[in-house]
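Here's the letter readout for the chains.
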Amino acid sequence: MKVTRRQFLKVTGATVASFAVIDLGFDMTATASEVQGMRTKGVKPLPTICPFCGAGCGLVVFSKEGAPADGPQLLSVQGDPDNPINRGGACSKGSALMNIREIYSPETGEQEINPERRTKPLFREGGTTKWVEKDWDWMFEEIANRFKQTRDEYFEHKDENGIIVNRCEALASMGGAALDNEELQLIAKLSRALGMTYIEHQARI
Amino acid sequence: MTNHWVDLKNTDCALIIGSNAAENHPISFKWLTQAREKRGAKIINVDPRFTRTSARADIYAPLRSGTDIAFIGGMMNYILQNKRYHEEYVRWYTNATFIVKDTYGFDDGIFSGYDPEKRKYDGAKWAFEMNEDGTYMKDMTMEDPRCVLQIMKKHYERYDIELVCRITGTPKNKYMEVIEAYAATGAPDKVGTIMYAMGTTQHTVGTENVRSYAILQLLLGNIGRAGGGVNALRGESNVQGSTDWALLYHILPGYLNTPEAKKHPDYATYNAVETPKTGYWVNKPKFLSSLLKCYWMEDDPAKSYDYLPKRIDGKNYAHIAMFEDMYKGIIKGMIIWGSNPIVGGPNANKEQKALANLEWLVAIDLWQTETSEFWSYKALERPTDKDEYDIKPPEEIKTDVYFLPACGSYEKEGSVSNSGRWMQFRWKAADPVGESKADLEIVHKLALKIKELYAGSSRVEDEPITRLTWEYGHGDHPDIDIIAREINGFTVVDGKPGPQVANFTKLMDDGTTACGNWIYSGVYPADTGNPDVDYLARRRINTDDQVDPNYPPIGSYSQWSWCWPVNRRIIYNRCSSTPEGVPWDPNRASIWWAGEEWKGNDIPDFGKTTDPNGPGGRNAFIMRPELVGCMYSKCNEGPLPEHYEPWESPIKNLLNNQDLNPAVTVFEPDKQGTTDKYPIIGTTYRVSEHWQSGIMTRTQPWLAELMPNCFVEMSEELAKDRDIKNGSEVIISTTRGDIKALACVTKRFKPFLIDGNYVHQVGVLWHFGFNGYAPGEPANRLTPHVGDANTTIPEYKAWLCDVRRA
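Protein chains in written order, with this note's numbering: chain A, 1 to 205; chain B, 206 to 1011.
Same shape as in the complex, but just chain B (with noise of 0.2 Å):
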């Protein structure tokens, strides 16, 4: 979230799409609820369901799963045609303002610089133009015809309200109500918020699908703003801690990108390709060279750098690519940290048999996962003869399987950062049950084993162990309190932690500063001797003072724990004032400058002391090399958000002749359903009775008798149509499996007017799995291993099934 949870109490209009809200993050409805009593504020909901947002929504919109390019396009088209932008915040803190090469070009569905062969572009075909002295060209007028906003204006007027109606099935009154509800955000004095979920991203077009998001929220000055930007509502309770952490291929701590063999093969050269020259990210060698010194303290970070793995140039590792690798045998051994992949995991079966071909597998939870007894009996089961991808029974699955018992989340202390990146602190309230273990003590145990194992080696490629920097206390639990300094970062002193560092602008590029993550130091920034008071993710302070008089307290709580970045609850701040500096509406004012310096209710996501009327004084996106918002980007798919259909589509794509994404790889090109077969669209979905796969919820027999069978919930006129009572068994079918679930025929799905003909689509929870009090098919049997083009997030969401009785 750009935001956080009690802001959402600011906004004038809420645009829920890709999230059940209500149903999934409930609390956001205490503060919704808050906005539309006190500030009249709309809530709007888009969803191809009628869920229980939709029941609390004032405005419900229906849109087919995987279209929302082609609804959000329509919206940016009758915003910029009719000039409903917000103008002065589009021309100082959005590059609409920067002319485009004229190397950019877009025809039907592919912009310039696309090879089809690799499925590749070469995006500096869409680079910018440069004036003489290295800085962008700009039109301030914004009416260069090669500047974003016309370019912008030019490639979304296809995205007329009736082809998106047809597009989408939205129904057209329905599309304008929306429409003119939200772009009334884009007065100068009001605020819209965006709230999104995994119905946005676990698409082929899911990274696309967000940016459109944001480039809405720039057109209609959102981002910045209290009651605005763009909130990914995260699912787990420290996903954002986790990705923060980068426990994924792509990055190392605090973003910074992992290296590539030819790309990256040395510090040096990694620090020049990876610098940009303008931005916050100039400061980017002092965090690489601090997070080497965390991990080998006593060396140079020029030499540790080769310890770092580096991976093969190109090569996908993501979720999808991994599993690929791992059913080919590629991969020998695999330790899973609480996942359950053969429930969560897309395309399950072939997850399933891809586990088969370790020769190992460690998997530590509170509960016996589906995914540790993938090779039982239990996890043969089907309910058809269908079976692609050859599942054997266990006497033919040679893999070893360890399995270690953590204990729960409040059997042990430490910190969790929510979706508004507040990392707050939990306190131990009960002891492990068992033998049962925490996370902590199970990683620092196995890490002390393998680097006693490597402990007489004098081999260099064992250095990146032997050379390991791993001193968490005495005993066999690590010390929390040395492991949360670290975080923070401090001060080398004879290749030992010295005193800790105030925040992230205090980290060195030579070497004489350690930090674990960047944008989290600033955490632990004294030292008094006293953890509690020390360690600011302890802080219960719950008061939202007023700073200044003239300006009320906007719900920032800045004493009650701590948020990443140096503790500022909305970023991008700047955008809160006019280029001058005074607050758009003065009762929701973030920051403000006071003649000498910004001051607020929250921390300036900008230079202290920078004048808005001098130089720089309104480069307001400061982590951007641009220094302001891009609408016009860099995806792998384009500059800009174009709709293509899912891989699995009832229609061909009406908007040009491309149906799938062009810069999509697809894996498995034999198991690509088509509408003869399956012409149901099919997706997927949560109950607020259970989380995630499932092994967290049917273990607990409250939650397992209040949401007790797997269900596929289906409009009454496809029911009608196939025969099948509510209550009845089912099977849904896919070119990767079937599962039997029981039908839930309700008024909340519709079919859907695509092009002149009605198409049907389901909705399967995926909660399920074969283990615990509630036990059930899982869902995820059904999904495709295809991803977005540049996340490879599985495409969840939109595919094609067929349903029958049982």
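This is chain A alone, in the form it adopts within the complex (with noise of 0.2 Å):
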């Protein structure tokens, strides 16, 4: 479900007045208007939840509008004044948030997108020493095939008392413990669907 900007602050205007105002307990807009050119202007202020420690403490993201999809388009990340566990506080990691996304270049100062972000899917062929860039309609044939040939090899339909077990061991499913939970609920659906037997995350470890 997308949601535009206008769609989320009119929906939520409806039951919190508006989301820059109520939310970041101030109006943003209105300073925006006001002092033309300010750094404020045309920035997108988004709620999010920091996606490291399991306190869940509320950050916002705040991006320029209209920011070309391919660059740099954040301003900052900070502390969310209004979620009730953390009032605006962040730790070292959340608040450096932004740097998951988006780098100051040692050499030249320049935002850019963090270096170490890989951007392309890669494929290590067995017995080789390099990465090799594929495209991702490459890659979802290859692991979808992987995924048959190795369930059709191994899969056990009945076992030696003719149980039904619809079971395969020969695959694996780990993680993860920082994906959402609507992810979660496909990827419980998928793995069980496939027969897995070994699905482990970090909870366990």
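Simulated from the structure, these hints should not be mistaken for laboratory data. Hints are supplied without guarantee of correctness; some may be wrong.
[As the list claims (entries may be wrong)] Pairs of lysine-lysine, DSSO-like flavour, derived with a Cα cap of 30 Å:
hint: 1; chain 1: A; residue 1: Lys134; chain 2: B; residue 2: Lys583
hint: 2; chain 1: B; residue 1: Lys654; chain 2: A; residue 2: Lys148
hint: 3; chain 1: B; residue 1: Lys330; chain 2: B; residue 2: Lys468
hint: 4; chain 1: A; residue 1: Lys158; chain 2: B; residue 2: Lys508
[Claimed, not checked] Listed next, the stretches of chain A that the computed footprint assigns to chain B, with coverage defined by at least 3 CB atoms under 8 Å from CB atoms of chain B:
hint: 5; region: 42-51
hint: 6; region: 82-95
hint: 7; region: 108-116
hint: 8; region: 121-128
hint: 9; region: 157-163
hint: 10; region: 166-172
We treat Cβ as the ideally placed atom computed from N, Cα and C, and that holds for glycine.
Build the complex from these two chains, which are given one at a time in their own frames, with help from the hints.
Rendered as structure tokens:
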């Protein structure tokens, strides 16, 4: 479900006046209109939850409206003063959250996409020493076929006692405690449909 | 957490044990500090090392890694002997009154029913006496020698102060201070909280460690109350959700056991075996039926039950066992959704070698995890010649590896559930970097592609896939609103989604409802056509309203996001009131009996109109078949926690003659280190600037600069003994491997006086691997493949090592 900023503001506005006024504790749009050219003009604040520990601190991502999709878009990421858990506070990791997308280049000082981020699917063929870039279609085709081949070769429909077991013990799934709940819903469903019994993630370790 | 973060402000005393909350969950101290300033609360920290938490505590007591049960057992002994427990609470809300059958026994570390060959117990020997009408036999005076309270008294009388301190190395005066401060919360109007983390769980007695805390809390009347509880401080943003969704071998979403072949061959047998006769779990068939309908909507649950994979009965598939099986070549293909086991897994050398036995590996992450490059030359480098697992160079590793770039948390939308079970929504605030995609889109496209490959099949063994319901809208990106509706559940009409159900009380066992995870049912209860209003995880109203002039609000923030179950912020909250339904403390009232129904600052964890003085009016733990909090219960190693030494320990067990937990599986007997070669206790820990295996933080310049190196922290005494200078390179060595790290010599570790001898302990950061701005060597190349007797969580926190100059 795609929600535009206008829809989002309209909806939250129906219940709590407006995100900018109530949720951030100050009216950003008014400030922006009064002070022409201020840095907050065209700024889009959206609430998020820190992806690190399990506290669930609220943070606000400030991004530039209309910034090109393939480049830097962020102004900052700061503690969300409205979230009752942290009331605007953030630890060292939360304070640095902007860096998972963008950093300031050590050479030029310019804002750039974090070069450690991987931006293309990669394939390493067994026995070789390098990654090769591939496109997504090739990846999905290949991976789906690997699942099918392994499943078909090792699948047990019935066990030695004639009990229907529908399992494949040659497949395993690991992760992930940083996924969203909606993602977990689909991964849980697919893993079980494939007959996996080795399903594990960070909660175990 | 039974409670939640904001609720820490309500406590009178926080016992932080097995957690460095100030460093790893800093926000907890916002609320603890408030409790101290406004309520005069005390903060106690028990830890092998003087940490940032200790520095902010009123009382710090050191204990040797792996001796929590001795420590807590001694506290329980004192509380039982001196009658410091909360008597009315214990009488009504726990099983202290239950009579245990005379087949129960305990002798020198072994409970009755033990089979030493199989290293397994027959738990039936520990059962309760039943009345003829099927109810539990009780002694409400708690004086019968076979009632639980008396059995506990006898069991823990061996845990006297002197002996406990010889085992734990805690100075006696500090131990007494802790006991006195915490026992004070046994007063009816006082409440204490226990906060713990992986320092508690990552032991061969991890489950019993947690259970000892739970028993202590029940004794003191601290569960189900504002400012109390047993609070696991969870380390990942959605490890609560991923546990609830059961990406684990032993459960299905919503804590239903996964079926085992012989035990649960068909649907009817599963329901018969798994459904208790009392307690809320009598509804289990409704939850299973609705889950099956969610997965295979067009089939009858009795049929689609067969589609679920059935485990081999009794087989262990947990992380360590999984990697042992991979090492043996049983597993051929693996998919990893954001996880880095060759840094974060135990015995990382062995796990790295196990990966090389896969035919193929799919790794999905934002970053190039060390695991995704386990085959590289970088992964081959070691500081010494030690190579216990014969790690091979790239040319000899045949595994095909597929790496898929995932996007970041604010480059997509979705919800995460925090430690306090609050399900909070995250809005998409920036575009995915490059070609990276949300995991949601990756799993969706993969599922569609696999379904496409099987589309023409009419084979019965392919039905779990061909019959799978996978309708998440058009286009590449699935519609998150459809998923949210499915999580909540709906009525199935003509094999299609119908109206939303209000919550899990509306789920049915006849195939007429579907629900992806029953404990989350209630998060999308209505259908106004506006997902921003209907999906309650998106709520952002942050007022803490007063519902009754007599009872001030307690920080529930009930309209902020949503929390499971049914937006209940503190679970077991029936215990917050007296047996008659009056709050133990009116200033921290959770729920109260208002004459005709329960009202409160929270959703009652109880029948809304059940009279406290009527039938069942005091059955405070509705999820238990016993309907009370169980101090005496069934774990794989016994009905009560007993102290056993870690698998690798510097001393014999002083409490009994069983050194190792008798129900633990030993995977690698030949890798057990002994004190002649490895005299130092090792443990692992984290720092605020890094996160878990470090791949999310070593890749960030600010954080990498703040904490650039892997270090091993040690006492000044040990450093002097080994001629090691602060900041110099040292080798840490175990039977599994060696790593190099920088020495961090501090006053924060002190040698422990254990049974008359000094024993050293060191701690190694486990955030490091060979990639990122701040590379270092993984501490888990040192840790063993041995785990807890119930969960197989690895014993990362207590092992034997040696340290020398590099």
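Hint numbers not upheld by this structure, sorted from lowest to highest: Those not satisfied: there are none.
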